[in-house]
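> Take the given structure of chain A and dock chain B to it, following the hints.
Listed here are the chains, written in short residue letters.
Number of protein chains: 2
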Amino acid sequence: MYSGAQLSLYPMSDDYVGIILESLHALDPYRSQCRIETDDLSTLVVGPPEQLFPAMRDLFLGAAATGCHCVLSATVSRGCPGEPDDAICTPRTVPRPQSLETRIAGAIRAVAKAERTGRPVAAQFSLYPLGPDDYMDEIYGCIAFLKDSGVYGIAKNFCTKLRGDAGPVFAALNESFLSFGPLDGHVALDLTVSANSPTG
Amino acid sequence: MYSGAQLSLYPMSDDYVGIILESLHALDPYRSQCRIETDDLSTLVVGPPEQLFPAMRDLFLGAAATGCHCVLSATVSRGCPGEPDDAICTPRTVPRPQSLETRIAGAIRAVAKAERTGRPVAAQFSLYPLGPDDYMDEIYGCIAFLKDSGVYGIAKNFCTKLRGDAGPVFAALNESFLSFGPLDGHVALDLTVSANSPTG
Numbered sequence: 001m002y003s004g005a006q007l008s009l010y011p012m013s014d015d016y017v018g019i020i021l022e023s024l025h026a027l028d029p030y031r032s033q034c035r036i037e038t039d040d041l042s043t044l045v046v047g048p049p050e051q052l053f054p055a056m057r058d059l060f061l062g063a064a065a066t067g068c069h070c071v072l073s074a075t076v077s078r079g080c081p082g083e084p085d086d087a088i089c090t091p092r093t094v095p096r097p098q099s100l101e102t103r104i105a106g107a108i109r110a111v112a113k114a115e116r117t118g119r120p121v122a123a124q125f126s127l128y129p130l131g132p133d134d135y136m137d138e139i140y141g142c143i144a145f146l147k148d149s150g151v152y153g154i155a156k157n158f159c160t161k162l163r164g165d166a167g168p169v170f171a172a173l174n175e176s177f178l179s180f181g182p183l184d185g186h187v188a189l190d191l192t193v194s195a196n197s198p199t200g
Numbered sequence: 001m002y003s004g005a006q007l008s009l010y011p012m013s014d015d016y017v018g019i020i021l022e023s024l025h026a027l028d029p030y031r032s033q034c035r036i037e038t039d040d041l042s043t044l045v046v047g048p049p050e051q052l053f054p055a056m057r058d059l060f061l062g063a064a065a066t067g068c069h070c071v072l073s074a075t076v077s078r079g080c081p082g083e084p085d086d087a088i089c090t091p092r093t094v095p096r097p098q099s100l101e102t103r104i105a106g107a108i109r110a111v112a113k114a115e116r117t118g119r120p121v122a123a124q125f126s127l128y129p130l131g132p133d134d135y136m137d138e139i140y141g142c143i144a145f146l147k148d149s150g151v152y153g154i155a156k157n158f159c160t161k162l163r164g165d166a167g168p169v170f171a172a173l174n175e176s177f178l179s180f181g182p183l184d185g186h187v188a189l190d191l192t193v194s195a196n197s198p199t200g
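Those sequence lines, one after another, are chains A and B. All residue numbers for the first sequence refer to our numbering, where the first residue is 1 and numbers rise by one. All residue numbers for the second sequence refer to our numbering, where the first residue is 1 and numbers rise by one.
Just chain A, with the same shape it has in the complex (with noise of 0.2 Å):
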């Protein structure tokens, strides 16, 4: 098993590298748990499923605190056929096989319990459950999900949009990448967070 996330943070700022930089440290928590490195497109983050939506919850709210109009992009993964084992991916829970309607209904049940950050963001995002062939079945499952977690915006093309509270939306996110798609499956997801757009 292998999952991780490569993630990007665009400050729409002249001073974008202060900002990148002083956010990183959000994930200063999560250094002993993942394995963390940076390039000039994108900052790995590989480790257990379930620390990634968290962790780039703290880098996203870090750059958003400054006020500025900020954006983070990432690729996530878990379960990729192309990548090696690696311990430092192990769940922390062992999920149980469960029926969609059992998964929708454990999703809603974590985002009504998430953490209010007082930000509020706006979000899209695309789930690729990899290999199945009734994977749209999975992404169907998620989007009912999606519409009673308190958090959807409205179905766009390619993607489904959230907005609320930073919280829940990223509660929401965590859910649909680890309770749709193949247990021990490959499923990939491809995220966009904004904050403080002024359009938004």
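Hints listed in this document are in silico derivations from the structure and should not be mistaken for laboratory results. Keep in mind that the hints are not guaranteed to be accurate.
[As the list claims (entries may be wrong)] If you want a taste of the chain A side facing chain B, the calculated C-beta under 7 Å gives, among others:
id : residue
1  : Met12
2  : Leu41
3  : Leu44
4  : Cys68
5  : Thr75
6  : Asp85
7  : Ala122
8  : Tyr152
9  : Gly153
10 : Asn157
11 : Phe158
12 : Thr192
13 : Asn196
[What the hints assert, rightly or not] Quick list of simulated restraints, FRET-style, between CB atoms:
id : chain 1 : residue 1 : chain 2 : residue 2 : range
14 : A       : Pro84     : B       : Asp86     : 22 to 30 Å
15 : A       : Gly82     : B       : Asp85     : 26 to 34 Å
16 : B       : Pro95     : A       : His25     : 47 to 55 Å
17 : A       : Lys147    : B       : Ile88     : 23 to 31 Å
18 : B       : Ala105    : A       : Pro54     : 39 to 47 Å
19 : B       : Pro198    : A       : Gln98     : 27 to 35 Å
20 : B       : Asp137    : A       : Glu101    : 43 to 51 Å
21 : B       : Asp134    : A       : Asp184    : 15 to 23 Å
[To be verified] Here are the simulated SDA-like cross-link-like pairs (lysine to any residue), alpha carbons at most 25 Å apart as the crow flies:
id : chain 1 : residue 1 : chain 2 : residue 2
22 : A       : Lys147    : A       : Ile88
23 : B       : Lys156    : A       : Arg35
24 : A       : Lys156    : B       : Lys156
25 : B       : Lys156    : A       : Pro91
26 : A       : Lys156    : A       : Glu101
27 : B       : Lys156    : A       : Pro182
28 : A       : Lys156    : B       : Lys113
29 : B       : Lys156    : A       : Thr43
30 : A       : Lys156    : B       : Gly82
31 : B       : Lys147    : B       : Glu101
32 : B       : Lys156    : A       : Ile36
33 : A       : Lys156    : B       : Arg31
34 : B       : Lys156    : A       : Asp40
35 : A       : Lys156    : B       : Glu50
36 : B       : Lys147    : A       : Asp39
37 : B       : Lys156    : A       : Leu24
38 : B       : Lys147    : A       : Thr117
39 : A       : Lys156    : B       : Lys147
40 : A       : Lys156    : B       : Glu101
We put the CB at the ideal spot given by N, CA and C, even for glycine.
Same frame as chain A, but now just chain B:
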């Protein structure tokens, strides 16, 4: 058949609104062939699959010409069974079934013929052929093409990095999207392109 992209432009500048609005004029030549709509998170371009990467290239070159560090991020899709058929998405050239080897050779030739722009860029992307259980063969075929494309950078976790002139780089992305994955099937591509990076 439905094909299009949700694309976003991120100029790392206090003048990001002006740069985005000015750059969007680069899409004007595509408006007669594509449906183009913008919201607070992205611009949707729906049209023939062969037009998507040329449109993104021209948009990105407009923003990069300002000298500002800027990033284009996009979710590109063709053949999603959840989207309606749309005549505007009719491919200009209907592809014929060909072996992986033939497609690799054709893609290499197409990139070699790409017009150069004088603008160096770095890019990374992930290709997701959805549905078939041999999807990794298509991904490995695409990587084999990229390694001989002249713009291959490095393999990264979850994605492949390209570098070089924007002309051949966008041509390589176009070939990856059109030539790999099921001919009439569902293929998604998750893209990041960067120019003028201080760490590039």
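> Run every hint past the structure and note whether it holds.
Outcome of the hint check:
For Met12 (chain A), the interface hint holds, the least distance from its beta-carbon to any beta-carbon of chain B being 4 Å, beneath 7 Å. Taking 7 Å as the C-beta contact cut-off toward chain B, the hint placing Leu41 (chain A) at the interface holds, the least distance being around 5 Å. Checking Leu44 (chain A) against chain B by beta carbon gives a least distance of about 6 Å; that is within 7 Å, so the hint holds. The closest approach between the C-beta of Cys68 (chain A) and any C-beta of chain B is roughly 9 Å, which is over the 7 Å cut-off, so the hint fails.
Hint status for Thr75 (chain A) relative to chain B: holds, with the closest Cβ pair at about 5 Å, below 7 Å. Of the supplied interface hints, the one on Asp85 (chain A) is violated, with its beta-carbon coming no nearer than about 13 Å to a beta-carbon of chain B, more than 7 Å. Interface restraint check for Ala122 (chain A): the shortest CB-CB distance to chain B comes to about 6 Å, inside 7 Å, so the restraint holds. Because the smallest distance between the Cβ of Tyr152 (chain A) and any Cβ of chain B comes to about 15 Å, over 7 Å, the interface hint for this residue is violated.
For Gly153 (chain A), the suggested interface contact is broken, since its CB lies about 9 Å from the closest CB of chain B, more than 7 Å. With a cut of 7 Å, the hint placing Asn157 (chain A) at the interface with chain B holds, because the nearest CB-to-CB distance is about 6 Å. About 5 Å separates the beta-carbon of Phe158 (chain A) from the nearest beta-carbon of chain B, less than 7 Å, and the hint is met. Satisfaction of the interface hint for Thr192 (chain A) is found here, the shortest Cβ-Cβ separation to chain B being roughly 6 Å, below the 7 Å cut-off.
The beta carbon of Asn196 (chain A) comes no nearer than 11 Å to any beta carbon in chain B, farther than 7 Å, and the hint placing it at the interface is violated. Here the CB-CB span from Pro84 (chain A) to Asp86 (chain B) is close to 41 Å, at odds with the stated 22 to 30 Å. In this structure the supplied range 26 to 34 Å holds for Gly82 (chain A) paired with Asp85 (chain B), their Cβ-Cβ distance being about 33 Å. At about 49 Å, the CB distance of Pro95 (chain B) to His25 (chain A) agrees with the hint of 47 to 55 Å.
About 28 Å separates the C-beta atoms of Lys147 (chain A) and Ile88 (chain B), a value consistent with the hinted range of 23 to 31 Å. Between Ala105 (chain B) and Pro54 (chain A), the C-beta spacing of about 45 Å keeps the proposed range 39 to 47 Å intact. Between Pro198 (chain B) and Gln98 (chain A) the beta carbon distance is about 47 Å. The supplied range of 27 to 35 Å is therefore violated. Checked against the hint of 43 to 51 Å, the pair Asp137 (chain B) and Glu101 (chain A) fails, with Cβ atoms roughly 34 Å apart.
Judged by the Cβ atoms, the range 15 to 23 Å given for Asp134 (chain B) and Asp184 (chain A) holds: they are separated by roughly 19 Å. Distance check on the hinted pair: Lys147 (chain A) and Ile88 (chain A) sit about 33 Å apart at the alpha-carbon level, beyond 25 Å; violated. For the hint pairing Lys156 (chain B) with Arg35 (chain A), the CA-to-CA distance comes to about 14 Å; that is within 25 Å, so the pair holds. Annotation: proposed proximity of Lys156 (chain A) to Lys156 (chain B) is violated, straight-line Cα distance about 29 Å (limit 25 Å).
Between Lys156 (chain B) and Pro91 (chain A) the alpha-carbon distance is near 22 Å, which keeps this suggested pair within the 25 Å criterion. At most 25 Å may separate the alpha-carbon atoms for a hinted pair to count; Lys156 (chain A) and Glu101 (chain A) meet this at roughly 24 Å. About 24 Å separates the Cα atoms of Lys156 (chain B) and Pro182 (chain A), which keeps this hinted pair within 25 Å; it holds. Restraint check: the Cα-Cα separation between Lys156 (chain A) and Lys113 (chain B) comes to about 35 Å, which exceeds 25 Å; the hinted pair is violated.
About 11 Å separates the Cα atoms of Lys156 (chain B) and Thr43 (chain A), which keeps this hinted pair within 25 Å; it holds. For the given pair, Lys156 (chain A) sits about 11 Å from Gly82 (chain B) by alpha-carbon distance, which is consistent with the 25 Å threshold. Under the criterion of a C-alpha separation no larger than 25 Å, the hint pairing Lys147 (chain B) with Glu101 (chain B) is consistent with the structure, at around 14 Å. Of the pairs offered as hints, the one joining Lys156 (chain B) and Ile36 (chain A) holds, with about 13 Å between alpha carbons and a cut-off of 25 Å not exceeded.
Note on Lys156 (chain A) and Arg31 (chain B): the hinted pairing holds, with a Cα-Cα distance of about 20 Å set against a maximum of 25 Å. A threshold of 25 Å between alpha carbons decides the hint, and for Lys156 (chain B) with Asp40 (chain A) the separation of about 12 Å falls inside it, so the pair holds. Taken as a hint, the Lys156 (chain A) and Glu50 (chain B) pair is honoured in the structure, with Cα atoms around 22 Å apart against an allowance of 25 Å. Proposed proximity of Lys147 (chain B) and Asp39 (chain A) is supported: the alpha carbons are some 20 Å apart, at most 25 Å.
For the hint pairing Lys156 (chain B) with Leu24 (chain A), the CA-to-CA distance comes to about 20 Å; that is within 25 Å, so the pair holds. Among the hinted pairs, Lys147 (chain B) with Thr117 (chain A) is inconsistent with the structure: their alpha-carbon atoms are about 44 Å apart, more than 25 Å. Under the criterion of a C-alpha separation no larger than 25 Å, the hint pairing Lys156 (chain A) with Lys147 (chain B) is inconsistent with the structure, at around 34 Å. A C-alpha spacing of about 36 Å is found between Lys156 (chain A) and Glu101 (chain B), which places the hinted pair above 25 Å, so the restraint is violated.
Violated hints, listed in ascending order, are 4, 6, 8, 9, 13, 14, 19, 20, 22, 24, 28, 38, 39 and 40; each of the other numbered hints is respected by the structure.
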